Amino acid sequence: MKPIISLSPHVHGGDSVQKNMYGVCIALVPALVASLYFFGLGSAIVLATSVAACVFFEWAITRFILGRERLTICDGSAVLTGLLLGFNLPSNLPIWIIIIGALVAIGIGKMTFGGLGTNPFNPALVGRVFLLISFPVQMTSWPVSGQMGYVDVETAATPLAIMKAAIKSGDASLLSQLPSSMDMLLGQTGGSLGEVSAICLLIGCIFMLVRKIITWHIPVSILGTVFVLAGLFHLIDPSYAAPFQVILSGGLMLGACFMATDYVTSPMTGKGQLIYGIAIGVLTVLIRDFGSYPEGMSFAILIMNGFTPLINTYIKPKRFGEVKK
Amino acid sequence: MNVILIAVIVLGSIGLVAALILFLAGKKFAVHEDERIAKVAEVLPQANCGGCGFPGCSGFAGACVKAADKGSLEGLLCPVGGQPVMEQVAGILGLKAEASAPKVAVVRCNGTCENRPRIAEFDGAQSCKVQQMLGSGETACAYGCLGCGDCVAACQFDAIRMNPETGLPEVDEEKCTACGACAKACPRGIIEIRLKGLKNRRVVVLCNNKDKGAQTRKACSVGCIACQKCVKVCKFEAITVDQNLAHIDAEKCKLCRKCEDECPQNAIHAFNFPPKKEKPASPPTPLQGERGVDTQAAPVTEKAAAPAAPATEKPATNVEPAKEQEKA
Amino acid sequence: MKTFNIGGVHPAENKLSAASPIRVAAIPKQAVFSMFQHIGAPAVPVVKKGDTVKVGTLLGEAGKGLSVPVFSSVSGKVNKVDAVLDSSGTRRMAVVVDVEGDEWEETIDRSDKLVTFKDLGNITAAEVVNRIKAAGIVGMGGATFPTGIKLMPPPGTKAEAIIVNAVECEPYLTADHRLMLEKPEQILVGVQLIKHAVNCPKAFIGIEMNKPDAIKLLTDLLKEKAAQYPGIEVVPLKVKYPQGGEKQLIDAVIGRQVPAPPALPINVGAIVQNVGTVYAIYEAVTKNKPLIERIITVTGKSVKQPSNFLARIGTPMQQLIDEAGGLPADTGKIIGGGPMMGRALMSLEVPVTKGSSGLLLMTEKESRRGEVSPCIRCGKCVTACPMGLEPYLLASYTRLKDWDGCEKNDVTSCIECGSCAFTCPSNRPLLDNIRVAKQTVMSIIKARHMEAIAKK
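Line order of the protein sequences matches chains A, B and C.
Numbering-wise (this note's numbering), the first sequence opens with residue 1 and increments by one.
Numbering-wise (this note's numbering), the second sequence opens with residue 1 and increments by one.
Numbering-wise (this note's numbering), the third sequence opens with residue 1 and increments by one.
These are calculated hints, taken from the structure and not from any lab test.
These numbers come from a predicted model, not from an experiment.
Please note: incorrect hints may appear among the correct ones.
As the list claims (entries may be wrong) - No more than 20 Å apart at the CA atoms, straight line, and that leaves these computed lysine to aspartate or glutamate pairs for EDC-like: (1) A/2 to B/249; (2) A/2 to B/114; (3) B/199 to B/165; (4) B/184 to C/364.
What the hints assert, rightly or not - Computed far set for chain C versus chain B, every beta-carbon distance over 10 Å: (5) 51; (6) 89; (7) 93; (8) 104; (9) 220; (10) 235; (11) 329; (12) 346; (13) 348; (14) 368; (15) 374; (16) 429; (17) 432.
Don't be surprised by glycine CBs; every beta carbon is placed ideally from N, CA and C.
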């Protein structure tokens with residue numbers, strides 16, 4: 001017998017990259033089902049295209065451009081990027097735009113930096129923002145939920161657009177056009193296909209918390225900050241929407257639970273994650289209320305992704321036995 | 001009028017305050033650079049190639065000045081400028097130029113996969129330092145090469161490579177600058193920075209095992225068993241045995257190769273000699289290794305050492321006085 | 001439920017041998033006594049080849065400085081005094097004894113009768129410490145720090161709490177658990193002796209909740225004989241690794257955190273002793289028995305009879321495995337100690353030493369580490385680290401050879417518990433790298449220190 005020798009520890013907890021990545025994918029299943037229910041065929045086509053394109057580009061780039069023998073498509077990160085990218089798109093987006101989005105997400109957002117673990121920005125968001133800026137018309141004509149088709153669907157203003165209009169005109173009565181909070185919670189509203197049902201996203205988030213895939217710091221700090229800030233604005237001027245509606249609208253829930261919590265691009269320590277989350281919350285509200293875009297979540301997350309290395313450098317965990325100077 | 005006055009006062013005071021801040025900051029954060037660094041940098045080739053292992057020529061100049069403060073420029077070499085430039089640098093820094101005898105890194109282990117059986121399997125970070133923490137490592141020899149390539153990673157000149165067949169590092173003599181980074185990186189101190197020798201010819205004991213003969217032999221078929229035969233056969237007192245390990249002093253060695261023929265373990269190797277007529281100096285095969293085992297029973301070092309000393313002294317044609325000289 | 005405050009993980013417990021009572025292992029045919037069974041200077045052999053020794057005969061006296069003596073656990077003839085392969089994987093000085101019969105030194109009391117603290121009369125504190133030192137006792141949880149030194153607090157410090165480490169947070173190991181179940185009163189007397197030795201009124205026995213029988217037994221005993229054992233308290237602790245770490249245990253039991261090195265537990269008024277050490281102290285002081293045997297768990301999923309042995313120090317591991325049902329065919333790794341901090345052994349020839357708390361056999365499949373993939377910066381290692389360090393950062397600084405960065409990020413505080421590598425989803429060998437960094441930084445600090453002294 002040739003014994004194996006290695007330094008301790010000799011056992012491993014059994015956690016793996018795959019488990020975490022597919023865990024997040026499983027957490028996205030309720031929202032996926034909801035999107036199929038609300039947008040039908042459109043949702044299916046967009047998601048399938050996005051996932052397939054992301055996996056394909058990951059494979060093609062590792063294999064032919066980087067020339068790596070070991071392929072990484074099985075670790076689930078490309079599938080997850082594809083899912084999240086799809087969740088951020090309207091359900092009637094042409095396939096070719098989706099493929100461009102996937103190429104940017106995987107190609108520029110991830111593989112240029114060396115692949116999983118080294119990308120500074122969330123790849124799905126890089127893809128999404130690229131599309132948002134390049135194809136503003138297609139990216140912001142949101143189909144009304146409840147239509148099963150892919151082409152020729154009826155579009156309407158999203159709750160965020162209504163809020164923006166109310167702020168711009170200063171006319172609080174516009175806000176009465178908003179769908180009820182209950183509808184927004186369940187998903188009876190317009191928007192990107194994955195972001196409409198807040199309740200399903202919350203279920204997924206709780207699943208991830210229970211499985212210890214993520215910690216509470218980022219979602220709680222983002223949602224809390226947005227709630228407090230939006231409430232403050234609402235109190236000062238009622239033409240700003242009520243905090244509950246702000247939290248339930250747009251990509252806030254999706255961003256707070258699934259995009260901002262991306263391992264690679266978020267800070268390592270709990271303290272750092274709180275700072276990161278609070279900053280994202282503040283930026284989101286500022287962009288939504290005062291910026292030119294109705295939605296600020298993606299930009300806020302990308303901006304804070306850029307600050308993550310800085311946070312990691314300066315926010316250290318509390319050392320054992322550390323004495324405050 | 002009033003407006004102009006206000007503007008002048010405000011701008012003037014802003015200017016003054018800013019000047020004051022700049023002045024204080026300039027005092028407070030002034031960087032005093034050693035003048036010598038610039039002087040040294042001047043004689044360097046300014047290729048900024050990084051070949052020396054420092055970020056650019058100015059980085060190397062800084063390192064030279066720092067090393068000079070400690071009294072020696074050892075281990076620092078500009079691979080582009082070579083010895084002449086280093087002499088200039090030494091001149092600037094008020095040091096004597098180092099002896100210019102060319103040196104080269106030598107891996108003192110021949111524990112190939114055949115010669116040294118693996119008794120365990122290492123699993124973990126591929127680093128010799130990590131394996132070193134596990135005692136003797138994959139083989140029974142606690143002194144031999146661990147084979148994870150820390151030396152390869154340390155080399156800035158791509159002069160040392162792992163041979164996948166033997167599992168041992170091999171030095172490219174053309175590229176090696178004898179900077180010593182590999183010797184420092186090796187946790188077992190196997191790599192020796194040795195004189196290159198006449199026509200690059202060297203005779204070296206390729207073993208680092210300090211265990212007693214019997215134990216060495218169990219671990220490796222080409223290990224030095226400290227039998228003292230080489231000491232006896234050497235006419236120039238170039239070989240010493242310390243801690244059960246023979247060592248050939250490169251300065252005393254006259255490259256006669258008698259020890260190579262004498263060694264029962266084939267632990268002594270000659271490099272860069274023309275092929276011998278009767279027996280080519282090829283790397284030892286397992287067969288040769290076995291021959292070594294058969295011919296020699298475990299010798300006791302103390303017994304062998306006593307007659308060895310006088311034997312070497314009398315026929316010496318070229319007796320050198322520096323007997324006490326410690327090996328490098 | 002009390003526990004420590006920062007980090008921690010929860011490995012599968014696998015206490016396979018918890019229900020098997022302590023068995024006395026057979027006396028070996030040949031026993032090997034390493035002179036390196038403790039931290040500090042090695043013991044110096046005082047016997048030579050051919051000498052006759054008895055059980056309890058001094059084989060090696062304490063070396064200079066931090067050191068303890070080594071005693072024979074068998075009777076017979078000294079075969080050789082030479083370098084022998086030990087658990088470190090290298091050859092080191094040891095005394096090898098060929099066993100003949102089982103003759104004991106007359107000074108040792110071999111009876112099983114319980115000697116209480118009262119029976120000892122007016123024994124002085126110094127006398128207790130002296131007997132502990134003379135018996136060669138070291139920390140038996142695995143760290144093997146000389147116990148006698150620990151019981152002499154440096155000037156300016158005072159022991160305010162004795163903490164008995166009965167946590168046994170390592171998976172698989174059950175030696176301490178069985179000891180508490182089988183020798184509870186002896187342990188309590190031992191605790192009294194330590195309290196007496198350092199003049200400390202309060203003692204705590206920290207036990208994790210996965211040993212409810214031991215907690216109940218000791219609590220009931222203390223209630224029943226409250227007058228006889230004053231100032232001792234059992235503290236049940238939440239199951240979490242590495243609670244058995246000295247600093248973690250102090251934090252868990254009395255809520256004080258020992259600052260970074262060079263601070264010692266005594267700087268916060270705590271002295272921690274392993275429960276096995278406490279029992280050894282009892283035997284040394286009351287029975288005049290040097291440290292010649294210890295309880296060792298032989299276990300593993302494929303082992304036929306996972307057992308706890310009372311084995312003589314110097315017994316080859318091979319013999320214990322034979323007694324536990326033989327070496328399983330699919331063995332891949334042999335570990336001296338537990339799976340989290342134990343050492344992988346290269347051979348079964350190595351002897352039981354003072355610090356051998358267990359012998360774990362892992363199957364080939366269990367033994368292999370998973371494939372390493374890139375760091376995904378999940379931060380799980382940071383969450384798991386009980387010292388509040390950033391293992392991912394230290395590991396990458398090591399790769400970059402940035403020893404300065406390692407030092408600034410407190411690499412020297414690492415207790416090498418392995419929580420980071422245990423929890424890493426990418427299977428990265430974090431602790432391997434951190435150990436390299438720790439070693440390098442320590443030597444840099446030492447060199448700097450020496451330089452500073454030389455300058456003066």
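Each hint tested on the structure:
no. : hint           : result
1   : A/2 to B/249   : 39 Å, violated
2   : A/2 to B/114   : 16 Å, holds
3   : B/199 to B/165 : 28 Å, violated
4   : B/184 to C/364 : 35 Å, violated
5   : 51             : 22 Å, holds
6   : 89             : 2 Å, violated
7   : 93             : 13 Å, holds
8   : 104            : 34 Å, holds
9   : 220            : 45 Å, holds
10  : 235            : 35 Å, holds
11  : 329            : 17 Å, holds
12  : 346            : 5 Å, violated
13  : 348            : 12 Å, holds
14  : 368            : 6 Å, violated
15  : 374            : 14 Å, holds
16  : 429            : 4 Å, violated
17  : 432            : 4 Å, violated
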